[in-house]
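Asks: Chains as they are written, first to last, in UniProt numbering: chain A, 1 to 233; chain B, 1 to 233; chain C, 1 to 233; chain D, 1 to 233.
Incorrect hints may have been included.
It does not matter which identical chain is used: a pair holds within one copy or between any two.
[To be verified] Taking lysine to aspartate or glutamate pairs in the EDC-like style, the calculated list, with each CA pair at most 20 Å apart, reads:
1) LYS213 with GLU137
2) LYS4 with GLU14
3) LYS87 with ASP63
4) LYS4 with ASP127
5) LYS190 with GLU14
6) LYS6 with ASP122
7) LYS87 with ASP153
8) LYS180 with GLU222
9) LYS6 with GLU18
10) LYS213 with ASP136
11) LYS80 with ASP122
12) LYS190 with ASP58
13) LYS87 with ASP122
14) LYS180 with ASP63
15) LYS213 with GLU144
16) LYS218 with ASP136
17) LYS80 with ASP36
18) LYS184 with ASP161
19) LYS6 with ASP36
Hints were generated in silico from the structure; no laboratory data involved.
4 protein chains.
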Amino acid sequence: MGSKYKSLKEECYEANMELNALGLVIYTFGNVSAVDRGNSVFAIKPSGVPYETLKPEDIVIVDYDNQVVEGKLRPSSDTKTHSYLYKNWENIGGVAHTHAMYSVSWAQAQLDIPIFGTTHADHLTHDIPCAPPMADELIQGNYEHNTGIQILDCFKERGLDYNEVEMILIGNHGPFAWGKNAAKAVYNTKVLETVAQMAYLTLQINPDAPRLKESLIKKHYERKHGKNAYYGQ
Amino acid sequence: MGSKYKSLKEECYEANMELNALGLVIYTFGNVSAVDRGNSVFAIKPSGVPYETLKPEDIVIVDYDNQVVEGKLRPSSDTKTHSYLYKNWENIGGVAHTHAMYSVSWAQAQLDIPIFGTTHADHLTHDIPCAPPMADELIQGNYEHNTGIQILDCFKERGLDYNEVEMILIGNHGPFAWGKNAAKAVYNTKVLETVAQMAYLTLQINPDAPRLKESLIKKHYERKHGKNAYYGQ
Amino acid sequence: MGSKYKSLKEECYEANMELNALGLVIYTFGNVSAVDRGNSVFAIKPSGVPYETLKPEDIVIVDYDNQVVEGKLRPSSDTKTHSYLYKNWENIGGVAHTHAMYSVSWAQAQLDIPIFGTTHADHLTHDIPCAPPMADELIQGNYEHNTGIQILDCFKERGLDYNEVEMILIGNHGPFAWGKNAAKAVYNTKVLETVAQMAYLTLQINPDAPRLKESLIKKHYERKHGKNAYYGQ
Amino acid sequence: MGSKYKSLKEECYEANMELNALGLVIYTFGNVSAVDRGNSVFAIKPSGVPYETLKPEDIVIVDYDNQVVEGKLRPSSDTKTHSYLYKNWENIGGVAHTHAMYSVSWAQAQLDIPIFGTTHADHLTHDIPCAPPMADELIQGNYEHNTGIQILDCFKERGLDYNEVEMILIGNHGPFAWGKNAAKAVYNTKVLETVAQMAYLTLQINPDAPRLKESLIKKHYERKHGKNAYYGQ
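Go ahead and model the full structure; you've got the sequences and the hints to work with.
Replies: Here you go:
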């Protein structure tokens, strides 16, 4: 008899394989989850399984308290970060975490990614935040749960809205991204990686490159996401 | 019954798919158009449709006043920039716009790309111009139309001829390129991206790298484009 | 009649081909070996044979004194380095050597790769060591054997354990990596190359980027390799 | 009836296609030739024909005075440089010219590529020379012929032997490479491009990176090319 979570697992599987196809992960360096709000569970990649051998039936179903509801494998070691985000941010449907090259490099540099151009402004109006590394006692404690707290604290402190800013860097670690579903979380991971590379190159070419001016930030964001948006179908 | 614009749509579709094959776009980050001078219309990519799912019949036919002549989808949000160029530059047959990595990085750096070598001089004799970002009132107004004005103003101010210089960077945004047809606009986009990467690397290796000397600029441009050209068949 | 080393040769062949598939080698610029501890021999790539034409039966079986036990071709010119490591480090099952781009560039820069992030700490808790170039008399002597000595001397001097730190750079030359088998040696070569690129980019973005703090180094290494590890299946 | 140069054309065609497969050319930015010493002719790519559509029968046969011996198409615009090299360097069997990314960037920087590591020393014992741009009167004269003179002058001035140093950069232009046949010329073009990227990265990581010491240069070159060479089969 089939699982009631079959389509959720498939959505999660497809999103994970897309991470791999887009060159955002090697080996086991990443994971995507997809939530089922009606049943208060989410599907997530099993821990340490390479993308080359991953199958839809390997995907694990977990509840918001990190208990396995269905699946034979252990879920991603980052599961508690995913659950914390789902519990606190009710509008998101998918979360992705990777060690993508340029995103990680900015995270290791412990710097926000400045908004330099319209590619960035097409997606968000703020610099991409880099949360500082956690305090030692939080690292030694419930680490992955505390990573979720760290993300929310960073958003609170800076007055950011997770509905607009759908990505963050964790200092010394790497990117998390989210969105209305798992595919959108993967899309945002790719956008972040692209913008991270562009910002790196921009500063190599001109260390004094100016931030994008407010009128252009607003114009590009609004034409795609504003109430009079005219981008797309 | 078939459309009278069937072959125009196919030319436009092929050029858009070539952008993707050449690694110049991800997702929906670019668009190419192809003009039909006899009928005073052009074919352009629909807005927000990913290259993976784009079909020839999705291409939209638009007139020079941006009215849709044929097609069920909304044309690219950059349509008014394309139409402005077609209306004002009678010799061009295709226009391409992308967010290609190295071209965008120079645009974000707000710097012209200096002519450093023969790869550049094989295609044009000037630095590749980077137009400054527009004034705020132009951004808040008819933005995409004004982007066209910005391009022409930059060419007028610098005394450039669009028949020779077939590419430009818009400050903080990205590249536009054109040519006798859509395929040539895509070719010029790839040449610009290649030259942009070479110039970036050149300055990393030697920040004092000299501009190419006039005799070499002239020699390489003339052997390919001069009246005694001997390059090609 | 088949060779008693058939499966050993195949393990070695597959690992060599994986180096190529992962973009870690061009032409003949690398080699992997796999040991058979029971028979005190190892299988290694033949010298100067391109990956494009390599076949499992080309793999050469050599003993710890570098004598060919089976095979018609001459073994890799680096064979004596491999045998020295097998003889002295009883727990390793595979060794890989390449001229991968970013690893070689750090080796040519004669610098250790600093531990900047969790991607690094997921695999080892120390900076990746770069051994200095050998003294002239050792180079003029039994060069490849002395390369093995150089590796062990570097580990002794710095108090490193080859069971934890499974990779090294040889100054001005390139990377060696090892592991419980040939596939793991290749995996470590890819991890080293990835971490090398991340560290390079990190320093380009922020020349003052801080080293990863001890609590995070410990947390990430322990969750994957500690006695209470909870990463993987 | 078949051409007596059929196999020469095929050798030349295969080598040109290999340039493309190795990512060393885009569009028409490169050419390889192969010589037939017995008949005092060489086969070369036709001018301006893209690699995507190139066929073996398009290859042009030319004599050392640049006269077309067989073929319907115009030979490469760089033909006179190739013929000059064949006429003056009797041991070479193939010549390749490209606009490969990192090689061109060093050429535009007008700098020799320093010998930083064993990857370089495995192939030659000198820095890779960058010839200065030609005097204006030579550029305005018989340009491609004079490019050949420029290459030989650079070798003479520096006391280099074309049998050992099989590559050069032409300042502000790009690389030429040669070898015993066309395939070796392509191989050397790829080695040059790889070494160029490694040297660029090395200096980015450590601007004070030291040149490889003489004992290592000699050891690596001799083990592959010396009279007691033990690399390869």
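Asks: All hints are to be evaluated individually against the structure, with a verdict given for each.
Replies: How the hints compare with the structure:
1. LYS213 with GLU137: between (40 Å within a copy, 13 Å between copies)
2. LYS4 with GLU14: within (17 Å within a copy, 40 Å between copies)
3. LYS87 with ASP63: within (10 Å within a copy, 51 Å between copies)
4. LYS4 with ASP127: neither (41 Å within a copy, 48 Å between copies)
5. LYS190 with GLU14: For LYS190 and GLU14, the Cα distance is within 20 Å only inside one copy (15 Å; across copies 25 Å).
6. LYS6 with ASP122: neither (34 Å within a copy, 32 Å between copies)
7. LYS87 with ASP153: This pair counts as within: shortest intra-copy Cα distance 15 Å, inter-copy 53 Å.
8. LYS180 with GLU222: Close inside one copy (19 Å), not across copies (34 Å); limit 20 Å.
9. LYS6 with GLU18: within (18 Å within a copy, 34 Å between copies)
10. LYS213 with ASP136: Classified as between; 9 Å across copies, 38 Å inside a copy.
11. LYS80 with ASP122: between (31 Å within a copy, 18 Å between copies)
12. LYS190 with ASP58: Answer is neither: 24 Å inside a copy and 25 Å across each miss the 20 Å cutoff.
13. LYS87 with ASP122: Neither, since 28 Å and 28 Å both go past 20 Å.
14. LYS180 with ASP63: within (18 Å within a copy, 37 Å between copies)
15. LYS213 with GLU144: between (37 Å within a copy, 17 Å between copies)
16. LYS218 with ASP136: Classified as between: cross-chain Cα gap 11 Å, same-chain 39 Å, threshold 20 Å.
17. LYS80 with ASP36: within (16 Å within a copy, 42 Å between copies)
18. LYS184 with ASP161: Only inside one copy: LYS184 and ASP161 sit 17 Å apart there, 43 Å across copies, limit 20 Å.
19. LYS6 with ASP36: within (11 Å within a copy, 44 Å between copies)
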